[in-house]
Amino acid sequence: RKEVEQDPGPFNVPEGATVAFNCTYSNSASQSFFWYRQDCRKEPKLLMSVYSSGNEDGRFTAQLNRASQYISLLIRDSKLSDSATYLCVVNREGAGSYQLTFGKGTKLSVIP
Amino acid sequence: DGGITQSPKYLFRKEGQNVTLSCEQNLNHDAMYWYRQDPGQGLRLIYYSQIVNDFQKGDIAEGYSVSREKKESFPLTVTSAQKNPTAFYLCASGGTANQETQYFGPGTRLLVL
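First to last, the sequence lines map onto chains A and B. At position 93 of the first sequence the residue is numbered 93 (this note's numbering), and the sequence of numbers has no breaks. Numbering-wise, this note's numbering comes out as the position in the second sequence, counting from 1, plus 1000.
Since the hints were made in silico from the structure, they are not lab data. The structure presented is a predicted model; accordingly, all values stated were derived computationally and were not measured. Worth double-checking, as some hints may not be accurate.
Claimed, not checked - Below are the SDA-like pairs computed for lysine to any residue, each with C-alpha atoms no more than 20 angstroms apart in a straight line:
#	chain 1	residue 1	chain 2	residue 2
1	A	Lys107	B	Arg1044
2	A	Lys45	B	Asn1028
3	A	Lys45	B	Glu1100
4	A	Lys45	B	Arg1109
5	A	Lys42	B	Pro1008
Unchecked claim - To give a feel for the contact side, a few chain A residues facing chain B, derived at Cβ under 10 angstroms:
#	residue
6	Glu3
7	Gln6
8	Ala29
9	Ser32
10	Phe34
11	Tyr36
12	Gln38
13	Arg41
14	Lys45
15	Ser49
16	Arg76
17	Asn91
18	Thr101
19	Phe102
20	Gly103
Virtual Cβ for every residue (Gly too), placed ideally from N, Cα, C.
Chain A extracted, bound-state conformation (with noise of 0.2 angstroms):
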């Protein structure tokens, strides 16, 4: 199993759509969890850690599953500003690591 793995997509979706991203991590260890997005050649942004208890950042959603090791983002009502490559990232190892993980991306395109 891979560490982190993601879909790669791309999506396509429309303006307004609602679309889910999946991410599995390996390391049952792992005690941090973020979404990264990068847009084309550029670096990657911090969206958005993950919680334990799900957390919503205006249209984002993120929800951990520990028992599963499995994380998603969900964005509401996508807009063209949207379109993106999004990482699933995590911490290696237990807590007190902050080495991180990067998952592949997954790439959307919002098309008007």
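Got chain A sorted already, so can you dock chain B onto it with the hints?
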């Protein structure tokens, strides 16, 4: 402005040449990291430093070297021993107990002539 800067934006390397990529941060972060990104690949860790004057190899350190003489600066040298250096190089800071999230600089694209 607070943030992370990298220079140059583009860098060309000739065969057998060593080149140095700059990374500076004014976020007062203790930890700094260097990653490499190849097309269609996830970021891979080259080196990291949790504190001044100390650094550790990451997953793909061969052919690279770093120094951490100042808290603000973490330059990466791509040596001639790195046989496939063409990639997008990203520097990050943060990622410690006091600052869990890592923040990235704008990156340097290295191309081999």
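So, going through the hints one by one against the coordinates:
Proposed proximity of A/Lys107 and B/Arg1044 is supported: the alpha carbons are some 19 angstroms apart, at most 20 angstroms. Pair hint A/Lys45 plus B/Asn1028 holds up; C-alpha atoms about 19 angstroms apart against a cutoff of 20 angstroms. For the suggested pair A/Lys45 and B/Glu1100, the alpha carbons sit about 14 angstroms apart, so the restraint of at most 20 angstroms is met. For the hint linking A/Lys45 to B/Arg1109, the alpha-carbon distance of about 18 angstroms falls within 20 angstroms, and the restraint holds.
In summary, the hint linking A/Lys42 to B/Pro1008 is supported, as the alpha carbons are separated by about 14 angstroms, within the 20 angstroms threshold. Interface restraint check for A/Glu3: the shortest CB-CB distance to chain B comes to about 9 angstroms, inside 10 angstroms, so the restraint holds. Because the beta carbon of A/Gln6 sits about 9 angstroms from the nearest beta carbon in chain B, less than 10 angstroms, this interface hint is met. The closest approach between the C-beta of A/Ala29 and any C-beta of chain B is roughly 16 angstroms, which is over the 10 angstroms cut-off, so the hint fails.
Because the beta carbon of A/Ser32 sits about 6 angstroms from the nearest beta carbon in chain B, less than 10 angstroms, this interface hint is met. The interface hint given for A/Phe34 is met, as the beta carbon of that residue sits about 7 angstroms from the closest beta carbon of chain B, less than 10 angstroms. A hinted interface residue such as A/Tyr36 counts as satisfied when its beta carbon comes closer than 10 angstroms to some beta carbon of chain B; here the least separation is about 8 angstroms, so the hint holds. Look at A/Gln38: its Cβ gets to within about 9 angstroms of chain B, closer than 10 angstroms, so that hint holds up.
Taking 10 angstroms as the C-beta cut-off, the interface hint given for A/Arg41 holds, the closest approach to chain B being about 8 angstroms. Interface restraint check: A/Lys45 against chain B, minimum CB-CB distance 7 angstroms, threshold 10 angstroms, status holds. Given the 10 angstroms rule on beta carbons, the hint for A/Ser49 holds: about 7 angstroms separates it from the nearest Cβ of chain B. Annotation: interface hint on A/Arg76 violated; nearest CB of chain B at approximately 24 angstroms, more than 10 angstroms.
At about 8 angstroms, the closest approach between the beta carbon of A/Asn91 and any beta carbon in chain B falls short of 10 angstroms, and the interface hint on this residue holds. The restraint placing A/Thr101 at the interface with chain B holds, with a minimum CB-CB distance near 8 angstroms, inside the 10 angstroms limit. For A/Phe102, the interface hint holds, since its Cβ comes within 10 angstroms of a Cβ in chain B; the closest pair sits about 4 angstroms apart. At a threshold of 10 angstroms, the smallest CB-CB gap from A/Gly103 to chain B is about 6 angstroms, leaving the interface hint in force.
Hint compliance for this structure: hints 8 and 16 are broken, all remaining hints hold.
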